[in-house]
Amino acid sequence: FEVAGEGEQRPELERLIREARLVDRFQLLGPVHDVPSFLTGLDVAVLPSHSESMSNALLEYMAAGRAIVATDVGSNARLVRPGCEGLIVPPGDDGALQVAIFRYLESPPLARALGAAARLRAGEFGREAMVRRFEDFFVSLVNG
1 FEVAGEGEQR
11 PELERLIREA
21 RLVDRFQLLG
31 PVHDVPSFLT
41 GLDVAVLPSH
51 SESMSNALLE
61 YMAAGRAIVA
71 TDVGSNARLV
81 RPGCEGLIVP
91 PGDDGALQVA
101 IFRYLESPPL
111 ARALGAAARL
121 RAGEFGREAM
131 VRRFEDFFVS
141 LVNG
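Take the sequence shown: its position 49, counting from 1, is numbered 49 in the working numbering, and each next residue is one higher.
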C-alpha cells in the first residue's frame, strides 16, 4: 500500500503499521509532487475521510480514471455515485472500507469499469463545464 500526503496523523499511522507488523506492506510517501504519475500507478484510490467538503483529491482520482473507495462525507457521494463511478462506505467503518478495497482487487473488470465511469463523470466538473454552468445561471437571471 502506498500512502501519499503528510499530516499530523503520520506518527500515529507509523505506530499502527509497526504494531500490526505491516511495515513491509506500507510505504508512506509524504507529499507527492507529480500527482498524475502517482495516480497512474494506483490500482485503487482510497479517500477514508471523516469529514470533507468537496475533495480535490477525489476529483483528481476521478480524472485519472482510478477505481475509487471513498467515505460518505461531504460531497463524496454526489461526485462519485455509489456503484456508478466508485464505492462509497460509511465513515469510520474499517470493515466496509476493507470489503470495498478487496472487491476491486478481486474483480479487476469492476475496477476498470468504475474507473472509466469516474473519468467520464470528472468531465462534468472541469473548468469548461463549470464556466458553462455559471454562464447558464447568469443568463437565466437576466432572462428572468
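Misleading hints may appear alongside valid ones.
Unchecked claim - For each label pair, taking beta carbons as the anchor points, the in silico distance ranges come out as:
| no. | residue 1 | residue 2 | range |
| --- | --- | --- | --- |
| 1 | 138 | 94 | 24 to 30 Å |
| 2 | 93 | 141 | 38 to 44 Å |
| 3 | 18 | 93 | 20 to 26 Å |
No wet-lab data here; the hints were simulated from the structure. Since the structure is predicted, the reported quantities are computational estimates derived from the model, not experimental observations. The beta-carbon is built from N, C-alpha and C at its ideal position, and this holds for glycine as well.
Checked hints:
no., hint, in the structure
1, 138 with 94: 24 to 30 Å, "violated, 45 Å"
2, 93 with 141: 38 to 44 Å, "holds, 42 Å"
3, 18 with 93: 20 to 26 Å, "holds, 24 Å"
Of the numbered hints given earlier, the model fails hint 1 alone.
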